[in-house]
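With mature numbering (1 follows the signal peptide of the UniProt record, and there is no 0) applied, the sequence shown covers -24 to -1, 1 to 658.
In short, the hints are calculated from the structure, not lab data. No false leads were mixed into what you were given.
Estimated spans, in silico, between C-beta atoms of each pair:
| id | residue 1 | residue 2 | range |
| --- | --- | --- | --- |
| 1 | K140 | D286 | 30 to 36 Å |
| 2 | S5 | D296 | 30 to 36 Å |
| 3 | K540 | C464 | 43 to 49 Å |
| 4 | V503 | K456 | 52 to 58 Å |
Taking lysine to aspartate or glutamate and the EDC-like style, the derived pairs with C-alpha atoms no more than 16 Å apart in a straight line are:
| id | residue 1 | residue 2 |
| --- | --- | --- |
| 5 | K321 | D21 |
| 6 | K545 | D529 |
| 7 | K194 | D156 |
All of these numbers come straight from a predicted model, not from anything done at the bench. Even glycine gets a Cβ: it sits at the ideal position worked out from N, Cα and C.
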Amino acid sequence: MNRFLKSMAAIACGVGFLPLNASAQGWPSQYQGVMLQGFYWDSFDASQWTKLESQADELAPYFKLVWVPQSAYCGGKSMGYNDLYWFTNYNSSFGTEKELRSMIGTFKQKGIGTIADVVINHRGTVKNWFDFPEETYKGKTYKMTSTDVCAGDDKGKAAEEAKKQGVSLSTNYDTGEDWDGMRDLDHNSANVQNCVKAYLDMLLNDLGYAGVRYDMTKGYAGRFTGMYNKAANPTYSVGEYFDGNKTNVTNWLNATKVDGKVMSAAFDFPIRYSVRDAANNGNWSKLANGGLATDVVYKRYAVTFIENHDTEKRSDAAQDPIRKDTLAANAYLLAMPGTPCVFYKHWTDCKQDIKNMILVRNIAGIHNESNWSCTENSASRYVVTTTGANMRLRAAVGTTANAYAPTDDGWALAAEGYRWRYFLPTSAETVFPSLPSGEYHNAPTVTLRAISTTKNAQIVYTLDGSNPTASGTKVANGTKVTLPNGKCTLKAALLANGKVGTIVTRTYDVRKFEAYTFSVYVNTENVGWKNCYFWTWGGDDTHAPANNKWPGDNVTTPTEKNGKKWYSKQFKINTPTDYVNFVFAKESSVQTADVSGITTDAYFEIQNSKDSQGHYLVKNVTADQPTAIADITVSHEANATSVVALDGRTVRHFNSAVSTTEAIDGLASGIYIVNGKKVLVR
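Put together the whole structure using the sequences plus the hints.
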């Protein structure tokens, strides 16, 4: 949607999830899991089912739930909130039905439950105002009609259209807020209720989702959520009641009750606004305003978050983002009761910190009903102590958090980052390495922290995957260890009274990376353009056009290359995870479809054909360019350790015994740095 509008003007102890037939009463009691929102607005590339599935091994130690976009086809490129098909077409903007099922299945194998985004407040139609799709599922046909649309929909516009078509709307008015984007469904209709119940049954028991996230629950009465969950019995249910007033959100929770039991959790917008006010104003005492998670009655049903696809910054004039200190904000939520939901951008940008926060949370055993207390409250710092199933956790967040040290005995620093610190009781008797498992670059160091009642406790460790012994390498608390290049396994433990304690393991993949530039070439001969605008975004957010206005940077002079004329621009990759996305345009109203995730020299031809949104298609013709080099000779110093690819992969490992000149062949296709120059191998 964002591209269309522009064209128009992140485990120490495992936590399982309950079976689908468990009676969860909206959300499990004393639940220790953390959820990831696996998308953001316009994350069409980053949230592809195949890409999410490929991260399952990395996600599993930290997240027990992943919330994904609405997964059915919506008639074109869409984030899913203009839902159209419910039963028969699951080839969406994020992948095919086969890929969706594969992702859900892989997640389940890794102990991750997938949360479906369920949009039932409103529904799209095929061509006109009331032609909902007719779908047959398991031999039964499901079809909504105009009489399933609320009386008064679209502020009376639906009634006017119905009169023109000679059809009728429902006699029931909307039980919630009207939304004039699509047809608001009448949930008092028996037909709507039957369709929704069958839809939920399919999501949970056919596609294999573990739970549901209800979109826009302000649009219909809370009793219907209770009714649908009573029928579907999801283990996890969370409603988006978009309101910062805690009373309004708790009233909705109570409205979902069936037989006196709350039937759904709710996103904790009240605590989100408390965190926003604290971070944006630099006044951390505002965290005391709290929300559902700080309420003894409702914390079980609090799904806490600090950012989502609706609140993140998408333009200067819209949304309501937390503009700074998102690390401290995450640290606060991950130390508190409720079920934290981490925003995908925060996870990808700040994995090291968020991994450590979740690891410490899990060591303590913090759950959604944990007791907590405020230990210190000032404008510059807020400190909480939360009691988990295993032990307590103390968290300091705010401007002066990194200067905080407990004044009461029995605490040791476990993990810290910019404006946050986590402490565990010294009785934990463990080692906490400062770097969680993962991929790193350029000789990182890991700090080994001893958490022990023994003062000056020693630590023993190995980097080759073998178990440390009492006679092995001994270091003091706080020792920094430089990790070698390549894959290595760190094992560390306390050494007390000559005995090795519980071993803590981390696995690392250390790669070399240097920033580099690359060029993108665009040929427009198929469509006859005499210029080419480059609209760019993505990666580390440094790739916006120079004027930051649609349609971007205009290139008017082509260059001759390989017998064709190309419009080109150069870009810089700054980090190992950096990339650039593109839309090419002739003018503000004539553009191509998105081109995503480019990191190396690339050649594109604009095709004389369009997608369903009227955008020209783009063909990647990089592999067709006659610039490949089959065999190359590399000169290097005898002590060189490696030749490194642009994407950070080690191509060839050297040592002082090899000659200074060596032919490299059999390389994987790609662009490589060789003596400071780029070469393409295929």
